[in-house]
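There are 4 protein chains.
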Amino acid sequence: MSHNSFGHLFRVTTWGESHGPAIGCVVDGCPPRLALTEADIQPFLDRRRPGQSKFVTQRQEPDQVRILSGTFEGLTTGTPISLLIENTDQRSKDYGEIRDRFRPGHADLTYDLKYGIRDYRGGGRSSARETAMRVAAGAVARKVLAGVTIRGALVQMGPDRVDRAHWDWAAVEENAFFCPDPAAAIRWEAMLTEARKSGSSLGAVIEVVAEGVPPGLGAPIYGKLDADIAAALMGINAVKGVEIGEGFAAAALTGEGNADEMRMGPDGRVLFGDNHAGGVLGGISTGQPIVARFAVKPTSSILTPRKSVDRFGQEVEVLTKGRHDPCVGIRAVPVGEAMLALVLADHLLRHRGQNPDAPTEARLPRN
Amino acid sequence: MSHNSFGHLFRVTTWGESHGPAIGCVVDGCPPRLALTEADIQPFLDRRRPGQSKFVTQRQEPDQVRILSGTFEGLTTGTPISLLIENTDQRSKDYGEIRDRFRPGHADLTYDLKYGIRDYRGGGRSSARETAMRVAAGAVARKVLAGVTIRGALVQMGPDRVDRAHWDWAAVEENAFFCPDPAAAIRWEAMLTEARKSGSSLGAVIEVVAEGVPPGLGAPIYGKLDADIAAALMGINAVKGVEIGEGFAAAALTGEGNADEMRMGPDGRVLFGDNHAGGVLGGISTGQPIVARFAVKPTSSILTPRKSVDRFGQEVEVLTKGRHDPCVGIRAVPVGEAMLALVLADHLLRHRGQNPDAPTEARLPRN
Amino acid sequence: MSHNSFGHLFRVTTWGESHGPAIGCVVDGCPPRLALTEADIQPFLDRRRPGQSKFVTQRQEPDQVRILSGTFEGLTTGTPISLLIENTDQRSKDYGEIRDRFRPGHADLTYDLKYGIRDYRGGGRSSARETAMRVAAGAVARKVLAGVTIRGALVQMGPDRVDRAHWDWAAVEENAFFCPDPAAAIRWEAMLTEARKSGSSLGAVIEVVAEGVPPGLGAPIYGKLDADIAAALMGINAVKGVEIGEGFAAAALTGEGNADEMRMGPDGRVLFGDNHAGGVLGGISTGQPIVARFAVKPTSSILTPRKSVDRFGQEVEVLTKGRHDPCVGIRAVPVGEAMLALVLADHLLRHRGQNPDAPTEARLPRN
Amino acid sequence: MSHNSFGHLFRVTTWGESHGPAIGCVVDGCPPRLALTEADIQPFLDRRRPGQSKFVTQRQEPDQVRILSGTFEGLTTGTPISLLIENTDQRSKDYGEIRDRFRPGHADLTYDLKYGIRDYRGGGRSSARETAMRVAAGAVARKVLAGVTIRGALVQMGPDRVDRAHWDWAAVEENAFFCPDPAAAIRWEAMLTEARKSGSSLGAVIEVVAEGVPPGLGAPIYGKLDADIAAALMGINAVKGVEIGEGFAAAALTGEGNADEMRMGPDGRVLFGDNHAGGVLGGISTGQPIVARFAVKPTSSILTPRKSVDRFGQEVEVLTKGRHDPCVGIRAVPVGEAMLALVLADHLLRHRGQNPDAPTEARLPRN
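Protein chains in written order, with the working numbering: chain R, 250 to 616; chain E, 250 to 616; chain S, 250 to 616; chain H, 250 to 616.
Next up, chain R with everything else stripped away, as it sits in the complex (with noise of 0.2 Å):
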């Protein structure tokens, strides 16, 4: 893991900023002859495109990706993949009263600490645009995971969980949250509603599901599949917190209550009573659903003016007026899925690398 670029042999690069141009990444790694067009990119970036509904930012990006390299007569050749989309709808008369103010809860200030420059058109390379590469990284990383199923699912917005004995995966595409319990799903869009009028923001949870992963991919120490995951995830823009499994709830259960007792299928499968795991022991995938978990703080461009500093080290206000996400935490959805497909991806070459004979699924005995 470098400054831009996310994992090791299936590596991807992303550059761009939100207001220059262009934005991308370079896909390397990727194994050769696997279809791959324009076509199986899109959709997934549609998912997160702004402008779809009222509650995300009603930017117009068309956000169309193109294959520039890596690709041979819709085949993948085993050489870099460069995607690119270009930026059409930037606004940079929005941005200019920030130029030089410190908006609270962005990344202005550690990025002029550190760098002595910043591009602040639109929050320059902080800005969430970027995570529209990682979804178009993701949506490869998803070919080279042939029988590999990840969703995603807003769990938590504000205050307020879903009824988790309400759960369809089917609700989730059809409302604008990606909330998987249609009650769950109404009375968010009425705090949402009310969030957005008053300026306001909220934060949320969301949840992250690997089927069908095969076990053996992570490594004991460092390389620790969870540890990439939890890594993955925390990159995501605004994101503060991460969980596997039963994450903190955990810390409350006793040993008994938080084993996963096991026993043998009919087909020498091991089965697991629960998964309190959340498919990973030691670093290791198990065979079960991967089950990831992270927090998204609400979005810190508000319309209620914030103190802060310039720098010239004068004390402001700062109000954002821009248009403006009143939940990141939705957008944010697909951006997890990426994430953890890109984390798949990378530890299943590695692993075979390392592994070429292991079991694909958890049977036992295992030769």
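Everything labelled a hint here was simulated from the structure, so no lab data went into it. Do not rely on the hints blindly, as some may be mistaken.
For chains that are exact copies, the list does not tell them apart, and a pair is met inside one copy or across any two.
Claimed, not checked - In silico lysine to aspartate or glutamate, EDC-like type, Cα no more than 16 Å apart, as pairs:
no.	residue 1	residue 2
1	556	510
2	446	510
3	446	322
4	392	289
Keep in mind that this is a model prediction, so the values were computed, not measured.
Following the hints, put chains E, S and H in place on chain R, whose structure we already have.
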């Protein structure tokens, strides 16, 4: 981050199994001419060592660290520092019965599925004993972090949290739990005695804090400081969740409530009203204290039999008779501190490689 | 060093095929606030560009580079710099006949065996066209290397070497061969005209020199400066050998003859009697000029038919009718300079990350 | 490739100084279930060991390697393999007089300029002793490379080359020089005796060959197999040049002369008329033998006084009285073999991570 290495410029590689002849690590990239002897490392190992109270495993491991390379006449030379601890108190017979059985909640099954072989004695590579080397490496990292104070505390045991109004760092060293709230320590003693007697176990939440961290550490997208901290902490044995600053609670706040307003201090330093961000904005340190928490699941080794399977695909019952901590979270405190130190040392070197003239304090105007 | 990335802190990732829509690269880790516009890069690309004389391929590639990210108002921002060149003069039909045939000396066979697919148009990813992006990235690296001068020259064409007694750096820019010896340039013109007419090709040796390099760059064992230079130069298309300083000739010297004796200069600087070492001792720069050479094989694309096989296992004859350089070594001169610049920039950042107070000149006593 | 680590998936980190308590390495990423005990490693160390003839240093270093982790019941487990050799025959007093003086041709000056400190005893980290660990790690790499034979030979001592018409691999083990030409070995004995008596030293060229390497190892641009081999060999102490296949001689060939024509073998395998390429095309292995050579400079430690400077900026004379090899190139033969093995093992794992179904022989049609 590789299978068993951590960090980039300041890089640690650990090796060793619980019941092999020794465990060790190599610390590469350490700046030269830092005073370093075994006496700088041993106190941190002693804090982590088992056998110090009835609440941690009764194994007697002197854990005497030796420096085998990388120092000369008491100073680091800039070349790799090899640290080694011999394994002495190994009762391999304790573990014979689990040779073929997969303990629920342990890495037994996943190692077997991944590698087709495992050193079952004492958990082998997945033993918490490996964390001793992280603590040792962390002691070297602290040398690199002149002016930075890194401390940790247990803030929750089972479901019982400390009262932050009574937080006392001095208390942390005065009880067996690294607990900053003396009243909570008394309650926990009763809880843990009960858990130990009944052969059960408890989870915990640890908070680690780094003060005096210069601004500018971290990088925008995939080298984010908080993402690397998340990986570092999630990579500790038995950890299931990681938070920075407000963490999951941020999801329930509004944008107004979560804003860390800024003002100017008398000396040109930026001061913050709050630290919901936990010292990191946009993946880059602000100069405020870095605050992170992680959740440790209850020890999986318990005296109550659990259903499981063996290597041959037979259903069995597993009961762990070895000597184990009823709350592994306690000993995770010094490990968490060490991991935070490793992340910060690596990022400090990376930051000054790219930005040699960046300020070491959050002062404005920058130049 | 990854499949398509080079460097660690100053890291370049290139992408693109000869006949795709574009080629490009991402330069990550560049220090901020360096003046950088396309005008800083274009001259280096123009030096490498085909079509400038009858001795290099007659393809017309304007090779206009665009900066798509990482700069703001003419200064680098510390974020990834994306560079892109559109491919324009593509005559794909020229290459149709070698779609299924493996050209001797080319990567056709090995790509097919490795990936099972290849973009055969113009050599695809293995085209020398990719080196344009190395030259572009090298121009950025030069910005990081303030005070360092990096130059290259062709010192041998076919079996004919320059006379070092007549070395004239100014002459390098005055002939079509980057030749520092005007008399040799005249001989080479005749040689190469003859080779071109007969459809043959010639090899070459290039020397690259970096002056003003601070001492201390490099690391003792596997991060040796000369090892990284060797990889950088050997990684250029068609290169078969690399030397530092005395190179292979050192094998025939005695220890006395090879010694670079030292003395003190009037200003406290260490002076050397010779530079057999080529500016590197123990993998670390001495402050003397870095001198490296690399050998380029004769162009494999020739008009004389050669025996080969095709994808279906049939024996065939192959003759390359495309437009090609009779001596690819000529255009390798700016590429070699660029690769040397990339290595030095990366090592400069790595060095000062670990050793921020190391001297920038070879002065004694050090402190 | 980091400061003291080599490789990516199969990664080696070495540590230790000549006169510290021990030297060692960690081999990470080794596939599991390979038979490995000290007896697999020791013979390679014995080949490299000093004190075996009057032509190599008379230090007595038993160099007994111990495996401290990563194996269980004689098999690798997939976890890090820690190897250690204790330093025994250390005569630190021999080196006292060069504590403050910089030996020409050695790393004394550059370490001091870079780090401001160095362990001067026996060369410290820059001692050739460190290469023992490369040899040990190479022995592990050979285990990964089932079916691959890696051999090396000295092909030139001083200015005297072997006659390739008399090449006999069996002869290599029958003389003190790893010389494949018995007649040359007789000449070299006289040459080296003379050099030793006069306190002088000689350079050498070593050739290493890997047979049975599957096609497809390597990657197109920066992960080229030949580039990584170049780095590996150039990184050996005292090496100043590296060649693949025809090497520098390729510069003097024509395209016709350099072409390796192909034909079909009776079993569907591609056969080559020649191997000018040295087994690598476009950075990827062809299935032919990998052939590389490297030049070792004459030992810098000689008995004739040389002019130099000391740490205090004073001009001095330096004469090395310690026990040293008159031709360090001899002992570089097993080191070169080991480095080649390390590169191939790493690339094998990387290759099959990305291309799990690639053929292991150069057969056509591929599918």
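Hint check results:
no. : hint         : in the structure
1   : 556 with 510 : between (53 Å within a copy, 5 Å between copies)
2   : 446 with 510 : neither (49 Å within a copy, 23 Å between copies)
3   : 446 with 322 : neither (50 Å within a copy, 37 Å between copies)
4   : 392 with 289 : within (9 Å within a copy, 39 Å between copies)
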